[in-house]
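Those sequence lines, one after another, are chains F and L. Under my numbering, the first residue of the first sequence carries the number 1, and numbering increases by one thereafter. Under my numbering, the first residue of the second sequence carries the number 1, and numbering increases by one thereafter.
A partial selection of chain L residues facing chain F, derived with a Cβ cut-off under 7 Å: (1) W42; (2) C54; (3) C59; (4) S61; (5) K97; (6) R111; (7) P115; (8) Y116; (9) E123; (10) K126; (11) E127; (12) L129; (13) I132; (14) R135; (15) T142.
List time: in silico SDA-like cross-link candidates among lysine to any residue, alpha-carbon distance up to 25 Å: (16) K243(F) <-> R260(F); (17) K109(L) <-> N152(F); (18) K301(F) <-> D31(L); (19) K112(L) <-> H155(F); (20) K112(L) <-> D158(F); (21) K151(F) <-> I190(L); (22) K114(L) <-> G27(F); (23) K494(F) <-> K94(L); (24) K151(F) <-> P25(F); (25) K109(L) <-> P155(L); (26) K8(L) <-> G492(F); (27) K494(F) <-> T86(L); (28) K94(L) <-> V207(L); (29) K336(F) <-> T30(L); (30) K2(L) <-> G68(L); (31) K8(L) <-> L500(F); (32) K79(L) <-> R205(F); (33) K114(L) <-> Y93(F); (34) K114(L) <-> H26(F); (35) K442(F) <-> L25(L); (36) K301(F) <-> T30(L); (37) K94(L) <-> R491(F); (38) K319(F) <-> D181(L); (39) K487(F) <-> L44(L); (40) K14(L) <-> N440(F).
No wet-lab data here; the hints were simulated from the structure. Ideal placement from N, C-alpha and C gives every residue a C-beta, glycine not left out.
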Amino acid sequence: MVHKYDAVIVGAGGAGLMAALNLSPHGRVAVISKLYPTRSHTGTAQGGIGAALGNMEEDHWEWHMFDTVKGSDYLADQDAVEILCREAIETVYELEHWGLPFSRTAEGRIAQRPFGGHTKEYGKGPVRRSCYAADRTGHMILQTLYQQCIKNQVHFFDEYHLLDVLMADGRCAGAVALCLATGEIHTFHAKAVLDATGGCGRMFRVTSNAHALTGDGMAVALRAGVPLEDMEFFQFHPTGIYKMGILLSEAARGEGAVLRNRTGERFMERYAPTLLDLAPRDMVSRAMYREIREGRGIDGKNYLHLDLTHLGADVLDKKLPDVTEFVRTYLGIEPKKERVPVQPTAHYAMGGIPTDANGRVIVDEANTPVAGYYAAGEAACVSVHGANRLGTNSLVDILVYGRRGARHAASFIKENDWAPLPERADDRAREQVSRLMPANGKERVGAIRDALQDEMMEKAAVFRDAQTLRAMRETLQELRDRYARIKIEDRGTKYNTELLEAIELGNLLDLSEVLVESALGRQESRGAHWREDFPQRDDINWLKHTLAYKTANGIEFRFKPVTITRFQPMERKY
Amino acid sequence: MKVTLRIKRFNPEKDSQPWWGEYLLEAEPTDRLLDALNHVKWYLDGTLTYRRSCAHGICGSDAMLINGANALACKVLLKNLGSTITVEPMRGFKVIKDLLVDMEAFFEKYRKVKPYFITQTPEPEKERLQSIKDRERFEDTTKCILCGACTTSCPSFWANEDYIGPAAIVNAHRFIFDSRDEGREERLNILGAADGVWRCRTIFNCVEACPRGINVTRAIGEVKKALLFRRF
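Using the sequences and the hints given, assemble the complete structure.
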């Protein structure tokens, strides 16, 4: 089936819905999403959205910008960060005007709290910048955006899974998706496609990410010839529930919780004397791994304690109700009395589909755009997060760049006609599905994915070196061989979720390869990418973005300079 | 521990009737039911079909009937479910395949109550002000994740599928009691109609079923009260 729209948005989390709201008034727009929109992962964000409103104390977007650049280990593009931090402020007000129920101050203003790496006066101490709605900020954002989409009659295709993006003569001509309810393949002929499909955390064993986060948009872009930028930078959030990976928001530490090792020591005093437990996530996660390695994990095991016992019932019940509930539900622990077992959990891909500051997908180091192709949110890399994202900035990113992409696309669809639909446009998608559907080998999709997640956790997570990464390269080759011999038991067309998981696993395998190759290539340590064999940051050789291309000869690289405007790289201390 | 899952299966492309599938597996007592379902799907029977995403009780994908009561599969632990666990789709929605049901009518009712901020007052340059107390007034109903557990546990809904149902009322409540919103009258008109709040018989199943701990019956009662005070 072929549909014709002015624009198609893929993904219905924060970035996709924000884009839909800004693009729908300008033409016929369809939003396709493999989940019902309200199931999107934006809904699980807890702690808040960063914006220098200054409701609690003096604050400025320039301070927010400095923190974001420093937090990124100077790899973020500073022109894009400036836009992010300036537009964050109007974005938060816009959400409030749409009815978002923020928590309030005594004066009735939007309440704000401290968060990791956010400081006043360029690093002098923590600042209250995170605008929050209890610890359900993402839920409220997702609900509010979806509510506005209903009000504005946005057209949704729910439970359609992206299979391919169509290119014709260097232009984007649309997208192909699998309707999960019927098993039919649909072609969406469009002048513009905006990819907002989110992250790929399911390549790791311990992750805060939903099962659905398999990097579909990134993988599809990669196979269509677009490079992926900075995929070696994957953030591990310090406080995942031990073994399960469920996120316990940084807001807990923002409200005063502290990390402790087996002796009860507040070990962050040794690693970040000024910001302590509110140092950026890459540093805290590394500190935790070091404590564990040196035998100071709890009972000598691979976890530590998050101590919330001194916060008091009022803070836990009013400001951290979900964190409190997660701990009770999944650990059977009362956080008012007992310390909580935590370990770093795979959380966020800093890298993704490269875009410019208008959300246009670019294909090389000269920022050459693909006309009509846009990306925003975690699937994209602008790059505002560089080598390490600060807490609260992902919510800013999805909204600010979801809107910017949509605004550019709005004028693009007015000024341009449809690119001709390539002949047999859905061939590649059909070939993929018809190869997998009758698969009758011996290997189970679940078993291959389990192996992938275990091995990636072991060899390509917080600490890496050439040896572990080369071993992972070989493991990936074995897993790909096994993937060629899978079996699919479900031969049905309706909601064939086994087929869906096989497609998703293919995406994870492709993206894991890019991550591993990019990490092998970058011979330095910066932000979330820590090479034990190259433990220093190397600005002379590596102050640049990785662009990874999938070719017949494997992954090939080009490099793109970092845009530096206001802040010259300095040593990063907290 | 060893657990047996008894899962109500139905594949419209194969089966004329639902049937019970039994799966014996080794699991940790602290595993979620969703982990056990995943184990069945990934290692025992790839055809088992259900929705899931976040796996920690926020996205609302995996509400189902577990040992006879509605809950999210990702929010109940095996140790609390016994050694034989029955799993069925939510009641009252059309079953599409196994545990996966048709949610369209549910979302249609949600959309009917105008679940979005309505105001004619011009926006201030910065945020509207709202006191902590006014914000607290509708806190409970902001938590809804639209999983359907309340509506499909409601005998009034089972008896009459046109009843707008607790989930839609909860989402209307969230705006009716928001001091900033001006759509109160429109929503009360919808909820005061024949298939609105008066079909609620305060049976409290919805309160038991809600995985977010929303006091759904109280919220419905507050909407009823608002309607009564408007009339007199």
